[in-house]
Amino acid sequence: DGGITQSPKYLFRKEGQNVTLSCEQNLNHDAMYWYRQDPGQGLRLIYYSQIVNDFQKGDIAEGYSVSREKKESFPLTVTSAQKNPTAFYLCASSISRDLYGYTFGSGTRLTVV
Amino acid sequence: AQRVTQPEKLLSVFKGAPVELKCNYSYSGSPELFWYVQYSRQRLQLLLRHISRESIKGFTADLNKGETSFHLKKPFAQEEDSAMYYCALSGSNYQLIWGAGTKLIIKP
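First to last, the sequence lines map onto chains A and B. Be aware that the first sequence starts at 1, since it is given in this note's numbering, and climbs by one per residue. Be aware that the second sequence starts at 1, since it is given in this note's numbering, and climbs by one per residue.
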């Protein structure tokens, strides 16, 4: 059963800590994306990767980092430099030349305590 | 500039009434447009795309290049249509550009 899996579903972080959110897909999609979803603001792109070992900053990359060492995996690290990290994070993947839309994960809710 | 505008943050209609969720876009090329839906406690999923000219769950959307719009319509709303709806545009570098979303509430 193909799909995209995000873990964990809920994550709590103390001030000053880095945390890593996992995103894995078995759809053989070339492109992967990280979004942040806040109420009333829609989806904002953090980082994206169209090929292994390559990624680009999105609109709100500050305080975040990613890696793309494998086609299937695109982990997101929320660093202590991110001023307002409490949010819902969505991972997505797509065929590189996207005419078919994105497939989304179920999301991770990060809360800073 | 490439932009997607959904002017309504919230739309509330009665069951059985027609629904129209507005989406306007700004794009200089030939746009690829999508509607995504997020039901409560479910993941965001593709509802329909304009290139398919399909009807999904009774919803249709027509691309109007003259008005730069891609409004989502359904003639008779059902309670299970209550959800968050996002309009998106595939931009020049194949990234999706998102509207802010419209929360649709269907009242019984």
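Hints are supplied without guarantee of correctness; some may be wrong.
As the list claims (entries may be wrong) - Computed cross-link-like contacts, DSBU-like style, restricted to lysine-lysine with a CA-CA straight-line distance of at most 35 Å:
1. Lys65/B / Lys9/A
2. Lys57/A / Lys107/B
3. Lys103/B / Lys65/B
To be verified - Covered stretches of chain A (chain B as the covering partner; in silico rule of three or more C-beta atoms under 8 Å from a C-beta of chain B):
4. 78-84
5. 105-113
Hints are computed from structural coordinates only; laboratory data are not their basis. The C-beta atom is built at its ideal place from N, Cα and C for all residues, glycine as well.
Against the structure, test the hints numbered earlier, and report the numbers of the ones violated in rising order.
-> Hint check: 1, 2 and 4 fail, others pass.
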